[in-house]
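If you read the sequences in order, they're chains A and B. Residue 4 in the working numbering sits at position 4 of the first sequence, and the numbers go up by one each step. Residue 141 in the working numbering sits at position 141 of the second sequence, and the numbers go up by one each step.
None of these hints come from the bench; they were simulated from the model. Just so you know, even glycine gets a beta-carbon here, dropped at the ideal spot from N, CA and C. Among these hints, one or two may not hold up.
Claimed, not checked - Under the rule of at most 16 Å between Cα atoms (straight-line distance), these lysine to aspartate or glutamate pairs were calculated in the EDC-like manner:
#1 B:K244 x A:D43
#2 B:K252 x A:D281
#3 A:K271 x B:D265
Unchecked claim - Partial pick of chain B residues on the chain A-facing surface, computed with a CB cut under 7 Å:
#4 P68
#5 S69
#6 Q80
#7 Y83
#8 V142
#9 S143
#10 F149
#11 A151
#12 R246
#13 M258
What the hints assert, rightly or not - Pair ranges (Cβ atoms, derived):
#14 A:Q66 x B:K54: 47 to 55 Å
#15 B:I139 x A:N176: 45 to 53 Å
#16 B:D243 x A:L77: 49 to 57 Å
#17 B:T16 x A:G174: 23 to 31 Å
#18 A:R275 x B:H147: 20 to 28 Å
#19 A:E102 x B:E24: 24 to 32 Å
#20 A:M381 x B:S143: 20 to 28 Å
#21 B:E120 x A:Q509: 37 to 45 Å
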Amino acid sequence: MLEKFMRKKDKVSPSSDNQPHKTEESGKKGFSFQYAPSLESTDIVKIAETQKLFINGEFVESTGEQFFDTLNPATGLALSKVVESTEQDVDKAVRSARKAFEQVWSKTTGSERAQYLFRIARLIQDRSRELAVLETLDNGKPIKESRDVDIPLAAAHFFYNAGWADKLDYAFSGKNVRPLGVAAQVIPWNFPLLMAAWKIAPALATGNCVVLKPAETTSLTALLLAEICQEAGLPPGVVNIVTGAGETGARLTNHPDINKVAFTGSTEVGKIIARSLAGKDTKLTLELGGKSAQIVYEDAALDQAVEGVVNGIFFNQGHVCCAGSRLLLEESIANLFVKKLKARMSSLRVGNPLDKNTDVGAIHSQVELDKITGFVREAQMEGLEYFSASATTLPKEGYFHKPCFFNNVSSSASICRKEVFGPVLAISTFRTPQEAIVKANDTAYGLAAGVWSEKASKIQKTALGLKAGIVWANTYNKFDPASPFGGYKESGWGREGGRHGLLPYVEVQS
Amino acid sequence: MIFNRTTTPSPLVPKTNKLFINGEFPRSESGRSEPVHLHNSQKLHSYVCRASRKDLRTAVTAAQAGLPSWQKKTAYNRGQILYRMAEMLSSRRLDLVAQLQELLGIQENQAHEQVDKSLETLLYYSGFADKLNQVLGTINPVSGPYHNFTALEPMGVVGIVYDQEFNLNLFFHQIASTLCAGNSLVMIFDKPGCALLSDLAEIFKTSDLPNGVINLLSGSVEELSSPMASHMEVHALVVASADKDRLCQMQKLAVDNMKRVILWDFTKLSVEPLSALSESKTVWHPVGV
């Protein structure tokens with residue numbers, strides 16, 4: 001029944017597209033092995049032709065008629081139709097959240113709120129396979145990532161925050177706190193369900209009600225989460241979901257009856273929201289872009305560092321705000337490291353996201369693919385040394401891009417300054433720790449950074465010097481609901497996750 | 001020029017008010033100055049410099065340069081320097097009380113109370129410097145073999161637009177909490193309070209504070225609030241504006257480099273201003289052999 005979601009070749013001979021590509025490295029050793037395709041079945045998901053909105057505990061039709069397709073990036077084919085919410089829809093959602101806040105949720109005790117959140121977490125676990133497949137279909141990320149990262153973490157966010165709901169007195173040094181009211185939450189397409197959980201769970205734990213707008217290209221798992229909220233018996237109106245693009249987002253964040261806006265997305269849009277809220281009492285947290293650097297010292301465990309660098313930039317096709325998109329190598333090991341990196345990249349399997357062997361899935365959309373290729377072309381025209389590789393040939397349908405890097409990139413190159421949001425790494429070198437820190441900090445962003453060294457004192461010193469909200473030392477791209485996340489400078493305002501992530505959702509009473 | 005002071009003997013050599021930038025006392029590069037009069041009187045108190053945009057930029061550069069030396073000090077040491085400020089303030093009590101009376105028309109007992117409160121404020125944050133991370137930092141129990149902790153760090157250069165009626169305790173509350181969190185600062189304040197600039201700056205100058213950590217500009221808040229809000233090397237803004245239009249304008253300008261805007265509504269000594277004036281950094285490291 002879901003054949004329309006699969007690429008034709010998967011049905012006939014899924015492996016025909018995935019012939020091992022003889023790389024320079026593997027060729028030398030005469031080393032080659034073939035993966036049998038290991039496709040995850042899509043039978044478990046049922047996708048309606050058209051999607052509804054989730055307002056006041058029910059799935060309702062929009063008052064508007066402007067629908068758009070949500071695509072499977074691996075095929076370019078439509079999965080379903082999603083509606084652009086109208087002003088009336090948004091207003092209805094906000095009013096239902098306000099009513100739920102005033103009449104129900106603000107009177108619900110912390111331990112009762114916790115029970116709902118625990119229940120939602122359990123239901124996410126119960127339906128994890130379904131959610132993972134749907135996420136991969138709608139987003140294009142490899143099934144092994146949606147299955148092992150996105151969905152388990154989404155459940156974990158509800159579990160973690162559930163526990164805070166009746167312990168808020170401990171979270172704020174003995175201060176009394178109260179919820180803000182109605183939170184408008186706008187989330188991106190790169191981790192659709194995870195971002196929804198990341199936003200909704202702390203808001204509900206602290207006693208707020210929410211209206212969430214998923215990205216226009218990835219609404220499906222958020223709407224499935226709405227169904228889970230229904231199943232958990234969450235009181236109507238506590239969580240509302242409106243779909244649509246930027247216009248709907250603006251309607252929501254500019255709604256006069258909103259107490260709090262939480263946005264994850266580009267710095268560009270974040271700035272528009274921040275300006276639109278200037279002079280208002282609405283609280284605002286922003287998780288924006290990044291151009292995070294990974295520093296590899298000569299005394300690092302190089303093979304581990306190579307893994308970390310690959311994971312840092314190619315995880316989720318590089319569609320990660322904290323992607324380690326700049327690599328700073330100590331000069332003495334630069335050549336060796338680049339050689340190892342090339343070999344490792346040549347073994348990455350790019351292809352059908354539903355294949356459990358796939359390392360790098362589909363680029364999210366034609367728009368993103370064009371943006372990425374634009375950056376790559378520009379850097380190539382600047383004459384920068386380019387390398388791209390994969391162990392597979394790219395599928396002919398859908399949107400794909402080979403993992404790649406540019407070597408010896410100057411700090412002023414746009415590939416080194418602008419957020420590409422794709423599998424493109426910019427490599428440069430340094431000679432001293434001081435230079436590494438200066439170069440890493442030489443960006444308007446400040447979301448994350450990586451440090452690789454086997455010398456603890458050097459790691460501590462480097463971590464202290466980095467202007468970044470998250471420093472991964474000898475690891476990268478690790479996420480946990482207990483760990484605060486958020487950036488310095490133009491990477492945003494505030495933290496989400498951990499004890500610190502509760503603060504943006506409460507008013508601390510003196 | 002002889003001044004007729006009512007509460008203390010007239011100084012034969014009155015103090016010239018200048019700016020305080022990078023530990024020095026320059027005049028405004030613009031050469032602009034304005035008279036400040038005694039409270040409810042036409043009598044001249046002194047002339048104050050009217051800082052220009054260029055002075056503001058110079059002050060921000062100084063604050064940027066002063067930041068590493070302040071950050072590098074141990075929290076214990078920063079606390080001691082804040083304590084030293086209290087000592088310096090205490091020894092200037094009578095002079096400040098006299099000035100508060102004649103400049104701002106504050107009753108003598110209330111002026112003493114402002115000094116008392118300011119001392120309390122300095123001591124409070126002096127003792128907080130090396131506890132901030134114990135109060136607000138966390139070790140995060142992540143689900144995996146990682147040591148993960150969140151520690152507070154200064155935001156960087158903080159621009160303080162002091163746009164309220166001058167109050168000595170509020171002045172020290174904003175400065176002490178900003179410094180306690182490890183930031184450097186540039187403050188703009190207007191007449192008549194800014195006529196105290198030199199007396200206040202001398203407290204900081206003699207407290208072993210590294211140059212550039214505190215920079216004070218007398219001038220027009222109206223004129224300098226926008227350049228401060230739009231300056232790309234200022235990382236956070238402290239304002240308590242009652243003027244909603246100006247506040248809105250500053251908030252919009254602050255977005256250019258995503259400055260954190262802290263609306264100062266802290267009336268009590270507490271951890272809240274420190275939390276608002278800090279950035280948090282989370283560090284992960286694998287645990288294993």
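Checklist entry - Would you say the C-beta atoms of D243 of chain B and L77 of chain A sit inside 49 to 57 Å of each other? => result 56 Å Cβ-Cβ, so the 49 to 57 Å window holds.
Checklist entry - Hey, K271 of chain A versus D265 of chain B, does the alpha-carbon distance stay inside 16 Å? => result violated, 25 Å
Checklist entry - Would the stated hint for R246 of chain B survive a check requiring a Cβ distance to chain A of less than 7 Å? => result For R246 of chain B, the interface hint is violated, since the closest Cβ of chain A sits about 10 Å away, which is over 7 Å.
Next on the checklist: 20 to 28 Å was suggested as the range; check whether the CB atoms of M381 of chain A and S143 of chain B agree with it.
Outcome noted: violated, 45 Å
Checklist entry - For the pair E102 of chain A and E24 of chain B, does the Cβ-Cβ distance stay inside 24 to 32 Å? => result violated, 57 Å
Next on the checklist: Is the interface hint satisfied for S143 of chain B? The criterion is a beta-carbon contact with chain A at less than 7 Å.
Outcome noted: Holds: closest Cβ of chain A sits about 6 Å from S143 of chain B, inside 7 Å.
Next on the checklist: For the restraint on P68 of chain B, tell me whether the closest CB of chain A is nearer than 7 Å.
Outcome noted: violated, 10 Å
Next on the checklist: Quick check on S69 of chain B please, does its C-beta sit within 7 Å of some C-beta on chain A?
Outcome noted: violated, 14 Å
Checklist entry - Could one say that the CB atoms of Q66 of chain A and K54 of chain B fall in the range 47 to 55 Å? => result holds, 52 Å
Item to check | Interface hint for Y83 of chain B, Cβ within 7 Å of any Cβ on chain A | outcome: Hint violated; Y83 of chain B Cβ to chain A Cβ min 23 Å, cut 7 Å.
Item to check | Minimum beta-carbon distance criterion (7 Å), V142 of chain B to chain A | outcome: Hint on V142 of chain B: holds, closest Cβ of chain A at ~4 Å, below 7 Å.
Item to check | Hint status (Cβ of M258 of chain B to nearest Cβ of chain A, threshold 7 Å) | outcome: With a closest approach of 5 Å, the M258 of chain B hint holds.
Violated hints for the displayed structure, listed by number in ascending order: 1, 3, 4, 5, 6, 7, 10, 11, 12, 15, 17, 18, 19, 20 and 21.
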